[in-house]
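**Student:** Knowing the structure of chain A, use the given hints to seat chains B, C and D on it.
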Amino acid sequence: MAKQRPKNLNLFTIQFPLPAIISILHRISGVALFLFIPLVLGALKLSLSSAQDFDDLHLFLSSPLMKLLIWGFLSAFIYHFFAGIRHLLMDVHVGDELKSGQLFAKLTMVISIVFILLAGIWIW
Amino acid sequence: MVKSVLGVNHQGLTDWLIQRVSAVIMMLYSVGLFAYLIMHPGLDYAEWHALFSSKCMKLATLLFILSLLFHSWIGMWTVFTDYIKSFLLRLVLQVFLLLSLIVFFFAALWILWGV
Amino acid sequence: MRFSIYRYNPETDKKPYMQDYDLDSEANSCYMVLDALLAIKNTMDDTLTLRRSCREGVCGSDGMNINGKNGLACTTHLSSLKEPIIIRPLPGLPVIRDLVVDMTQFYQQYEKIKPYLQNSEPVPAKERLQSPAERAKLDGLYECILCACCTSSCPSFWWNPDKFVGPAGLLQAYRFIADSRDTEKSERLADLADPFSLFRCRGIMNCVDVCPKGLNPTKAINEIKELMLEEAV
Amino acid sequence: MNLATQRFDAVIVGGGGAGLRASLELAQSGLNVAVISKVFPTRSHTVSAQGGINAALGNTDGSDDWRWHMYDTVMGSDFLGDQDAIEYMCKHAPETIYELEHMGLPFSRLDNGKIYQRAFGGQTRNFGGELVHRTCCAADRTGHAMLHTLYQRNVAARAKFFNEWFAMDLVKAEQGIAGVMALNIETGEVVFLQARATILATGGAGRIFQSTTNAHINTGDGFGMVLRAGLPLQDMEFWQFHPTGIAGAGVLITEGSRGEGGYLINKEGERYMERYAPHLKDLSCRDVVARSSMIEIREGRGCGPKGDYVLLKLDHLGTEVINKRLPGIRELSITFAGVDPLKNPIPVVPTCHYLMGGIPTTVHAQVLTVKNGQDHIVEGLYAAGECACVSVHGANRLGANSLLDIVVFGRAAGLHVQQSVREGLGYRTPSSADIEAALSGLNRWNNNQNGESVDVIRNELQKIMQNDFGVFRTAEHMQEGFKKLEKLQERLKSASIKDKSQYFNTSRIEALELDNLMETALATAYLANERTESRGAHARYDFPKRNDRDWLKHSMYFSDGTIDFRPVNMKPHEVEPIKLKDRE
Numbered sequence: 001m002a003k004q005r006p007k008n009l010n011l012f013t014i015q016f017p018l019p020a021i022i023s024i025l026h027r028i029s030g031v032a033l034f035l036f037i038p039l040v041l042g043a044l045k046l047s048l049s050s051a052q053d054f055d056d057l058h059l060f061l062s063s064p065l066m067k068l069l070i071w072g073f074l075s076a077f078i079y080h081f082f083a084g085i086r087h088l089l090m091d092v093h094v095g096d097e098l099k100s101g102q103l104f105a106k107l108t109m110v111i112s113i114v115f116i117l118l119a120g121i122w123i124w
Numbered sequence: 001m002v003k004s005v006l007g008v009n010h011q012g013l014t015d016w017l018i019q020r021v022s023a024v025i026m027m028l029y030s031v032g033l034f035a036y037l038i039m040h041p042g043l044d045y046a047e048w049h050a051l052f053s054s055k056c057m058k059l060a061t062l063l064f065i066l067s068l069l070f071h072s073w074i075g076m077w078t079v080f081t082d083y084i085k086s087f088l089l090r091l092v093l094q095v096f097l098l099l100s101l102i103v104f105f106f107a108a109l110w111i112l113w114g115v
Numbered sequence: 001m002r003f004s005i006y007r008y009n010p011e012t013d014k015k016p017y018m019q020d021y022d023l024d025s026e027a028n029s030c031y032m033v034l035d036a037l038l039a040i041k042n043t044m045d046d047t048l049t050l051r052r053s054c055r056e057g058v059c060g061s062d063g064m065n066i067n068g069k070n071g072l073a074c075t076t077h078l079s080s081l082k083e084p085i086i087i088r089p090l091p092g093l094p095v096i097r098d099l100v101v102d103m104t105q106f107y108q109q110y111e112k113i114k115p116y117l118q119n120s121e122p123v124p125a126k127e128r129l130q131s132p133a134e135r136a137k138l139d140g141l142y143e144c145i146l147c148a149c150c151t152s153s154c155p156s157f158w159w160n161p162d163k164f165v166g167p168a169g170l171l172q173a174y175r176f177i178a179d180s181r182d183t184e185k186s187e188r189l190a191d192l193a194d195p196f197s198l199f200r201c202r203g204i205m206n207c208v209d210v211c212p213k214g215l216n217p218t219k220a221i222n223e224i225k226e227l228m229l230e231e232a233v
Numbered sequence: 001m002n003l004a005t006q007r008f009d010a011v012i013v014g015g016g017g018a019g020l021r022a023s024l025e026l027a028q029s030g031l032n033v034a035v036i037s038k039v040f041p042t043r044s045h046t047v048s049a050q051g052g053i054n055a056a057l058g059n060t061d062g063s064d065d066w067r068w069h070m071y072d073t074v075m076g077s078d079f080l081g082d083q084d085a086i087e088y089m090c091k092h093a094p095e096t097i098y099e100l101e102h103m104g105l106p107f108s109r110l111d112n113g114k115i116y117q118r119a120f121g122g123q124t125r126n127f128g129g130e131l132v133h134r135t136c137c138a139a140d141r142t143g144h145a146m147l148h149t150l151y152q153r154n155v156a157a158r159a160k161f162f163n164e165w166f167a168m169d170l171v172k173a174e175q176g177i178a179g180v181m182a183l184n185i186e187t188g189e190v191v192f193l194q195a196r197a198t199i200l201a202t203g204g205a206g207r208i209f210q211s212t213t214n215a216h217i218n219t220g221d222g223f224g225m226v227l228r229a230g231l232p233l234q235d236m237e238f239w240q241f242h243p244t245g246i247a248g249a250g251v252l253i254t255e256g257s258r259g260e261g262g263y264l265i266n267k268e269g270e271r272y273m274e275r276y277a278p279h280l281k282d283l284s285c286r287d288v289v290a291r292s293s294m295i296e297i298r299e300g301r302g303c304g305p306k307g308d309y310v311l312l313k314l315d316h317l318g319t320e321v322i323n324k325r326l327p328g329i330r331e332l333s334i335t336f337a338g339v340d341p342l343k344n345p346i347p348v349v350p351t352c353h354y355l356m357g358g359i360p361t362t363v364h365a366q367v368l369t370v371k372n373g374q375d376h377i378v379e380g381l382y383a384a385g386e387c388a389c390v391s392v393h394g395a396n397r398l399g400a401n402s403l404l405d406i407v408v409f410g411r412a413a414g415l416h417v418q419q420s421v422r423e424g425l426g427y428r429t430p431s432s433a434d435i436e437a438a439l440s441g442l443n444r445w446n447n448n449q450n451g452e453s454v455d456v457i458r459n460e461l462q463k464i465m466q467n468d469f470g471v472f473r474t475a476e477h478m479q480e481g482f483k484k485l486e487k488l489q490e491r492l493k494s495a496s497i498k499d500k501s502q503y504f505n506t507s508r509i510e511a512l513e514l515d516n517l518m519e520t521a522l523a524t525a526y527l528a529n530e531r532t533e534s535r536g537a538h539a540r541y542d543f544p545k546r547n548d549r550d551w552l553k554h555s556m557y558f559s560d561g562t563i564d565f566r567p568v569n570m571k572p573h574e575v576e577p578i579k580l581k582d583r584e
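Protein sequence lines correspond, in order, to chains A, B, C and D.
Residue 104 in this note's numbering is what sits at position 104 of the first sequence, and the numbering runs on without skipping anything.
Residue 43 in this note's numbering is what sits at position 43 of the second sequence, and the numbering runs on without skipping anything.
Residue 180 in this note's numbering is what sits at position 180 of the third sequence, and the numbering runs on without skipping anything.
Residue 271 in this note's numbering is what sits at position 271 of the fourth sequence, and the numbering runs on without skipping anything.
In case anyone wonders, no lab produced these hints; they're calculated from the structure.
Check each hint, because a few of them may be wrong.
Unchecked claim - Facing chain B, from chain C, some residues (calculated, C-beta under 8 Å): (1) His-77; (2) Trp-159; (3) Asp-194; (4) Phe-196; (5) Lys-225; (6) Leu-227; (7) Met-228; (8) Ala-232.
Note that beta-carbon positions come from the ideal geometry of N, C-alpha and C, so glycine has one too.
Isolated chain A (complex conformation):
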């Protein structure tokens, strides 16, 4: 007889409501931002070293690929920012009920997407 009991934990069979998706994206974007730290620090160093480095960096970052990378970074940042505000609001009981929770999850999503698009426009 089988000793080890199985668990029903196939995440693809489980329905996740929007607040749950908001939450996991918050985590994913957080980890991404952590990984961006060394890159951002490197860029900061270059930008402050000399006018030459500043211009080189500027040029380097103007390539489409780099723009995409910046956009990725900004997207993670914007998302983490607004989802973080949602967390702070929940601490003071805003949006911690079923209906309001879903509403605030939607708001978080919409606002983040709007700002991510704006960031895209700004970059290009």
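**Tutor:** Positioned in the frame of chain A, the structure of chains B, C and D alone reads:
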């Protein structure tokens, strides 16, 4: 800050508070920085360098970096303890995390005080 | 109606699998998911195993994952579901057989929060007085039926079932913290101040989404945090 | 033979209100006690009780008296209740409520902070005067609140639980009962739990009827066990039909909804209880209300396309009362009747709810048997709660007396077991034949092949009981039903289950439960046939009157078909006996 009334192990509350305070600090700083960037579309090296030469900006940036490091430590530690069930692997990751954060901190100091 | 049901019998199966059943739910006058499962068990396959008791949503026996969402089989209308109806055991808990899960960890977390009134004052001859307003604070807390729908829908519990108390346990923790008759509020708060018991809640709110009694563990957890903060500063 | 044995001072079978109250008493006293329950304790049927628990506290009315409560209970019982037992229960009611409050039960409150009390059926002041508010409640979830509170206290007292273990049979010994034979549902392991005292708290058996407010688990396991041990059951013809089960679903709508001011109407919108019972109206005793509703339906004044139900009107109570006092029934009504009582009346029909009879006991919960017209106490065996017949409910139970019954007599059982153990109650040793007998049921189901299914036989059983032993009974119907039952009993002997696995085999449990349902149904059929009068819930067309001259007595049934009788106790200790009179 945390009275002994909560017993010896109140790390959860402390972490939770630090996470929130650091978040607010980072929010204020980044909103400020973004505002600056948007108001200075054709930013050149001189302006940028001048900005980071001010004591205020240096201190603010340092505070931001410190918040970032604490925030990341707590956040990443939570992620590790959720998903990494092997103690050894988690230990390795945590040591690596800690070292990176220390390196980031000194790198930031070096960058800022190099200006 | 087509049902696709999670099957696992440790005596014969190496791994769980999904089994399909076609049930004429109208002919068997089935209105709820539980009616249908019992009809399948009674008329098609008596090896299908599940828990049930009150069949009216107050005993909390038949929590299961129905079309991806945790709920009570006895209060989930078949008419509210899309076909095929996929029935799986509560997620994250070890499966004993078919839809029956091992609730030991769930009960342990419940017991951890000392789920009983503590009062160190002398016992009065009659009832302890409690105003309607004080009593109203327990509404939305004491009604929990321990069905585990919330806790087993909580990712934080999936990853740390031994350390995180989980929404059901925390709702009960707050039920006693909020009771004007309980004198051990500070100790109760202190017991939850570590990084896991309470603070592993990430505000995911799956618990609120699935609770068949319409209760709100997330809110209770936030209340506990607030009281803990008050206590600390 | 190689049988695992575990020893305890006391083994309690059943984790509902009575079992948990008894185990709390024993665990707190330091005895080695085990509760075995076929479901996790908070899944027991006590959880479904809604309305409340009676005690003469006088909180809402300013004054009340346990003697008035006693009078109402005796009247409600149609004089079949034992007055010494009723006296004990009503007198101990207030302290029992305070005890529950101290345990943490979240009672609803009055503005002055005292426990809120509502009106309930048959509760009067001053021996039959005006209605009184005597029913303490936690909104309409009193049973839930009580069961969870009791379980929580047991957690605090560190009682030992065998959850999801099924008690198959009592194990007899030369003198009395040695313990129970139990099956671990999860592993299929069989263990003999030997005990100085075995307390049965197995609840009711409403599942012998097709339409019942009872949970799936209410299969009369204690009744089957007692009968197979050669002991009698008492007053098994007295089944209460609750006036307000949701039509179709059978789910209970508390009498508290009428206590808060709701009332029943027929298809003409007439408040018919004013006609049947001008004094107490909708808050008459349950047997009276249930019969009135059935008459309305039978005489063509029922509602709906088939005219097969009546309506419970609550909308006039207003949103605040319903949401504050009856939130649970609003939820049930929306889920199971598709009706929001804030707007529309709820379709209801009298539904099998409660068994007044059961295992005969003393007021200390000791199980009795009769030999040569004399009561004998069965050594080492106790019973409390719905499975017991003390008898405090007689021929008809008053609403909100059942939660009182389970805590008062659960506690009484615990107290008496403590005392007996202190006085040297020892273990009894069964013979191998006794052990064999306790295993025979399980062995039969394990061995039978290719027989009829449990479901087929259970369905037929429920249909027979519903049609031939329902609210109104006649000799003709009952005899017919009785014959059908006997045939069914034969078929049951060769019935079989397909699932023969050991591991969490619920089909096997249902089969063992069916044996108990059958025993219970037969007991009901025998005694209902026998009693040629109408009293309380036992209503006969052919004998419409109560007959105190011939039938003021408890009837006893043994599984070999023997019927015996015991006198009703009309001698309370502290107060004057309540004299026979007619009910409204």
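**Student:** Would you mind marking each hint as holding or not holding in the structure?
**Tutor:** Evaluated hints:
1. His-77: violated (35 Å)
2. Trp-159: Status holds, d = 4 Å.
3. Asp-194: Given a least distance of 4 Å, the restraint on Asp-194 (chain C) holds.
4. Phe-196: With a closest approach of 7 Å, the Phe-196 (chain C) hint holds.
5. Lys-225: Holds: closest Cβ of chain B sits about 7 Å from Lys-225 (chain C), inside 8 Å.
6. Leu-227: violated (11 Å)
7. Met-228: holds (6 Å)
8. Ala-232: This hint holds: Ala-232 (chain C) lies near chain B, its Cβ roughly 5 Å from the closest one there, short of 8 Å.
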